Amino acid sequence: MKYALAVHGAPYASEAAAHALFFADALLAGGHSIERVFFFHDGVYQGLGAQVPPQDSFNVDTVKRWQHLAAQGVELGICIASGIKRGVVNEAEQTRYELQHPTLAPGFELVGLGQLIAAINNADRYVEFPA
Amino acid sequence: MKRYLFIISRSPYGSSHALEQLEAAMVAAVFDAKVAVLFRDEGAWCIQQHQAGAAIGQKTMTNVLAALPAYDVEELYVCADFLNTYQIQTEPTLSVMPIRLPEQQALISACDVVITAQP
Chain A
1 MKYALAVHGA PYASEAAAHA LFFADALLAG GHSIERVFFF HDGVYQGLGA QVPPQDSFNV
61 DTVKRWQHLA AQGVELGICI ASGIKRGVVN EAEQTRYELQ HPTLAPGFEL VGLGQLIAAI
121 NNADRYVEFP A
Chain B
1 MKRYLFIISR SPYGSSHALE QLEAAMVAAV FDAKVAVLFR DEGAWCIQQH QAGAAIGQKT
61 MTNVLAALPA YDVEELYVCA DFLNTYQIQT EPTLSVMPIR LPEQQALISA CDVVITAQP
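Residue numbers (the working numbering), protein chains in the order written: chain A, 1 to 131; chain B, 1 to 119.
There's no promise every hint is true.
[Claimed, not checked] Simulated DEER-style distance windows between Cβ atoms:
(1) A/ASP124 to B/MET97: 46 to 54 Å
(2) B/ALA106 to A/VAL127: 18 to 26 Å
(3) B/GLN89 to A/GLN72: 46 to 54 Å
[To be verified] Here are a few chain A residues that face chain B, going by a calculated C-beta distance under 7 Å:
(4) HIS41
(5) GLY114
(6) ILE120
(7) ASN122
FYI, nobody ran anything at the bench for these hints, they're computed from the structure.
All values reported here derive from a predicted model rather than from experimental measurement.
A virtual CB, placed ideally from N, CA and C, is assigned to each residue, including glycine.
Taking the hints into account, I'd like the entire structure generated from these sequences.
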């Protein structure tokens, strides 16, 4: 089956990422496909490139785990409206808003909310991981 | 086309939850989806009359809600129990239907996609 996933929780503040990552791994292992992972609300912080994971954290380096997922062909879409107001910007947005640095981690991309709806419309199942 | 239900369960200005849920609802409607919005828990405060978002530098929630029909989002529901619990006075220019729990369950069952953004 084709799945669309949405992540609404910030890193290390909620279990959203951990649950979504385990679920995504299980989906791929089970022969399913993932249409897109969409990061919305505070979930956009998942794509912040300057995270230093706590040394004693159980969920070691979620950014690396997301990127591992991206390397398997899963698209990681950050809601651009939710993202830029929270400081998650790529080079294009950094230039547009004259900010000092881009902050988006490699493997993620800024996309419109329409990409959430398109993913859900194309998928058989939509599963969201709240904050 | 899929039928969407967006559930708004947090107060209008306490977080960005309500506004971001509505943004997503409007985008879904632009994609020709059939979209309904249900206000429950503290989200019921979104429809309270006499709001003045400008006082805290924010958009007035009831004005955002008034724009929904222009996006073809015309199905608005509110939990009747929370309306009563919080003694909410609904903004009179909005068309929001109060529904009780069994009707909310039926609504959720009838929709293909439910977006809550809430644990």
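Right, here's what the structure says about each hint:
Look at A/ASP124 against B/MET97: about 31 Å separates their beta carbons, and that is not inside 46 to 54 Å. The hint said 18 to 26 Å for the Cβ distance between B/ALA106 and A/VAL127, and at roughly 22 Å that hint holds. The supplied range of 46 to 54 Å is met by B/GLN89 and A/GLN72, whose beta-carbon atoms lie about 52 Å from each other. Taken as an interface hint, A/HIS41 checks out: its beta carbon lies about 6 Å from the nearest beta carbon of chain B, inside 7 Å.
With a cut of 7 Å, the hint placing A/GLY114 at the interface with chain B holds, because the nearest CB-to-CB distance is about 5 Å. Given the 7 Å rule on beta carbons, the hint for A/ILE120 holds: about 6 Å separates it from the nearest Cβ of chain B. Given hint, A/ASN122 at the interface with chain B, is violated; its Cβ is 10 Å from that chain's nearest Cβ, farther than 7 Å.
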